[in-house]
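Asker: Using the sequences provided together with the hints, build the complete structure.
There are 2 protein chains.
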Amino acid sequence: MQFAIVLYPGFTSLDVLGPYEVLGRLPDAEVVFVADEPGLVRNDLGSLSIDVVATLADVTAPDVVVVGGGPGQLEQMSNTGLHEWLRTVDRNSAWTTSVCTGSLLLAAAGLLDGRRATTHWAGLDQLAGFGVTPSKQRVVIDGHYATAAGVSAGIDMALTLAGLIAGDDVAQAVQLVIEYAPEPPYDAGSVDSAPAAVVESAMSKLSG
Amino acid sequence: MQFAIVLYPGFTSLDVLGPYEVLGRLPDAEVVFVADEPGLVRNDLGSLSIDVVATLADVTAPDVVVVGGGPGQLEQMSNTGLHEWLRTVDRNSAWTTSVCTGSLLLAAAGLLDGRRATTHWAGLDQLAGFGVTPSKQRVVIDGHYATAAGVSAGIDMALTLAGLIAGDDVAQAVQLVIEYAPEPPYDAGSVDSAPAAVVESAMSKLSG
Numbered sequence: 007m008q009f010a011i012v013l014y015p016g017f018t019s020l021d022v023l024g025p026y027e028v029l030g031r032l033p034d035a036e037v038v039f040v041a042d043e044p045g046l047v048r049n050d051l052g053s054l055s056i057d058v059v060a061t062l063a064d065v066t067a068p069d070v071v072v073v074g075g076g077p078g079q080l081e082q083m084s085n086t087g088l089h090e091w092l093r094t095v096d097r098n099s100a101w102t103t104s105v106c107t108g109s110l111l112l113a114a115a116g117l118l119d120g121r122r123a124t125t126h127w128a129g130l131d132q133l134a135g136f137g138v139t140p141s142k143q144r145v146v147i148d149g150h151y152a153t154a155a156g157v158s159a160g161i162d163m164a165l166t167l168a169g170l171i172a173g174d175d176v177a178q179a180v181q182l183v184i185e186y187a188p189e190p191p192y193d194a195g196s197v198d199s200a201p202a203a204v205v206e207s208a209m210s211k212l213s214g
Numbered sequence: 007m008q009f010a011i012v013l014y015p016g017f018t019s020l021d022v023l024g025p026y027e028v029l030g031r032l033p034d035a036e037v038v039f040v041a042d043e044p045g046l047v048r049n050d051l052g053s054l055s056i057d058v059v060a061t062l063a064d065v066t067a068p069d070v071v072v073v074g075g076g077p078g079q080l081e082q083m084s085n086t087g088l089h090e091w092l093r094t095v096d097r098n099s100a101w102t103t104s105v106c107t108g109s110l111l112l113a114a115a116g117l118l119d120g121r122r123a124t125t126h127w128a129g130l131d132q133l134a135g136f137g138v139t140p141s142k143q144r145v146v147i148d149g150h151y152a153t154a155a156g157v158s159a160g161i162d163m164a165l166t167l168a169g170l171i172a173g174d175d176v177a178q179a180v181q182l183v184i185e186y187a188p189e190p191p192y193d194a195g196s197v198d199s200a201p202a203a204v205v206e207s208a209m210s211k212l213s214g
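Read top to bottom, the protein sequences are chains F and E.
If you're matching positions, the first sequence starts at 7 in the numbering used here and goes up one per residue.
If you're matching positions, the second sequence starts at 7 in the numbering used here and goes up one per residue.
Because the hints were derived from the structure by calculation, they are not lab data.
Each hint should be verified, as a subset may be incorrect.
If several chains are the same, the list does not tell them apart, and a pair holds so long as it fits within one copy or across any two.
As the list claims (entries may be wrong) - Below, in silico cross-link-like pairs of lysine to any residue (SDA-like), each with a Cα-Cα straight-line distance of 20 Å or less:
#, residue 1, residue 2
1, 211, 53
2, 142, 201
3, 211, 36
4, 142, 61
5, 211, 173
6, 211, 33
7, 142, 129
8, 211, 149
9, 211, 130
10, 211, 80
11, 211, 16
12, 211, 175
13, 211, 35
14, 211, 61
15, 142, 209
16, 211, 172
17, 211, 176
18, 142, 132
19, 211, 174
Answerer: Structure below.
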């Protein structure tokens, strides 16, 4: 089973590497990182570069597609080559998925028309502009589309997907292997629970 | 503030990239991935390669050191150059930290003698062999050592550390930026909560 993970300059690493850690551990999983061009692709923080060996043209029939977000997503909104690739591989994919603002790329490619989907909390309004019904759920499954909320939500999306693909027992074994029994030291991970000053501070970080 | 993240062949990516996503977002953070040699370092699953530009010799005074685990940790138990580097940088580090079986490397370097520490659930017994008191806590702080349980626990460790380094407000803003309000679809992330058959399956995955 082939999992294609899309990278582009300015991607947020945990968006894609959270799901990678889960999906890459499924039986017979083959993961390929894919980008417009081969070579090193640098993330949003500028200090992490991942080596990409496959171009979009090389990967024609992935079973699962994962598109992450990050500041670089904005530039990809006009990458018609990527959108065309997404539409093409989506025709035969078992699952087309996104994390964070990656869903805006699926939406820009026209894949989420009339669907329910989610994205990073700061991007929910934008989804509606594409004829998508935005959801504040952490993981949304609609048809063969799985979308996750911001950054770390990709881990929950991938475990949900792992269960749908390989069964609950396998998904749970992967959860235990990665010891995913989270204990955040604060309750500030959602706009509903974070103090107002923290929301403001996070928004200024995101717009900076 | 410089954060040095140690990589070696066969590392588990989320071990180090979970903390990276948190710590790299702290004000004035400079993150450097460091390894024995420069170039691409490939992970345990074999499908992810990170480009390392700094050798251990290049990084002499990091403020924070992060050592992750993974199957490749076993080979590093006899990497005396790495152990020597860890002892040296530890003398001036504000925090020396580990995720998963990375703590076995800190222990092998002699840094955790008489300390409380944690590691991946499957590695807790090994810690005791190094004169360390193993703890089943998800995050253990003892002196200027912060150790995390398996793989995904590095995110919780890093948020705890973020609070200690930059204050609760900043740590919470980072938590909200990465929307870390986890909702695992199963309750199988710890040996205490996972069904017995899942524990058995996870152990066979880990030993395979």
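Asker: Taking 20 Å as the upper bound on the Cα-Cα distance, should residue 142 and residue 129 be classified as within, between, both, or neither?
Answerer: within (11 Å within a copy, 38 Å between copies)
Asker: How would you classify residue 211 and residue 175 at a CA-CA limit of 20 Å: within, between, both, or neither?
Answerer: Answer is between; shortest inter-copy Cα gap is 13 Å, intra-copy 39 Å.
Asker: One pair to classify: residue 142 and residue 209, alpha carbons no more than 20 Å apart. Within, between, both, or neither?
Answerer: Cα proximity of residue 142 and residue 209: one copy only (17 Å, versus 36 Å across).
Asker: Is the C-alpha distance from residue 211 to residue 173 at most 20 Å within one copy, between copies, in both cases, or in neither?
Answerer: For residue 211 and residue 173, only the inter-copy Cα distance (16 Å) is at most 20 Å; the intra-copy one is 39 Å.
Asker: Cα distance capped at 20 Å. Does residue 142 pair with residue 132 within a copy, between copies, both, or neither?
Answerer: Only inside one copy: residue 142 and residue 132 sit 13 Å apart there, 43 Å across copies, limit 20 Å.
Asker: If the cutoff is 20 Å on CA atoms, where do residue 211 and residue 149 land: within, between, both or neither? Let me know, please.
Answerer: neither (34 Å within a copy, 31 Å between copies)
Asker: Between residue 211 and residue 172, at a C-alpha cutoff of 20 Å, which is it: within one copy, between copies, both, or neither?
Answerer: between (38 Å within a copy, 15 Å between copies)
Asker: For residue 211 and residue 16, with the copy left unspecified, which applies at a CA distance of at most 20 Å: within, between, both, or neither?
Answerer: within (15 Å within a copy, 34 Å between copies)
Asker: Can you tell me if residue 142 and residue 201 fall within 20 Å by alpha carbon in one copy, between copies, both or neither?
Answerer: within (18 Å within a copy, 31 Å between copies)
Asker: Should residue 211 paired with residue 80 be assigned to within, between, both, or neither, using CA atoms and 20 Å as the limit?
Answerer: Result: close within a single copy only, 16 Å intra versus 39 Å inter.
Asker: Reference check for the pair residue 211 and residue 61, CA-CA at most 20 Å: within, between, both, or neither?
Answerer: neither (32 Å within a copy, 31 Å between copies)
Asker: Have a look at residue 211 and residue 53 and pick one of within, between, both or neither, based on CA distance no larger than 20 Å.
Answerer: Close inside one copy (18 Å), not across copies (32 Å); limit 20 Å.
In summary, the numbered hints that this structure violates are 4, 8 and 14.
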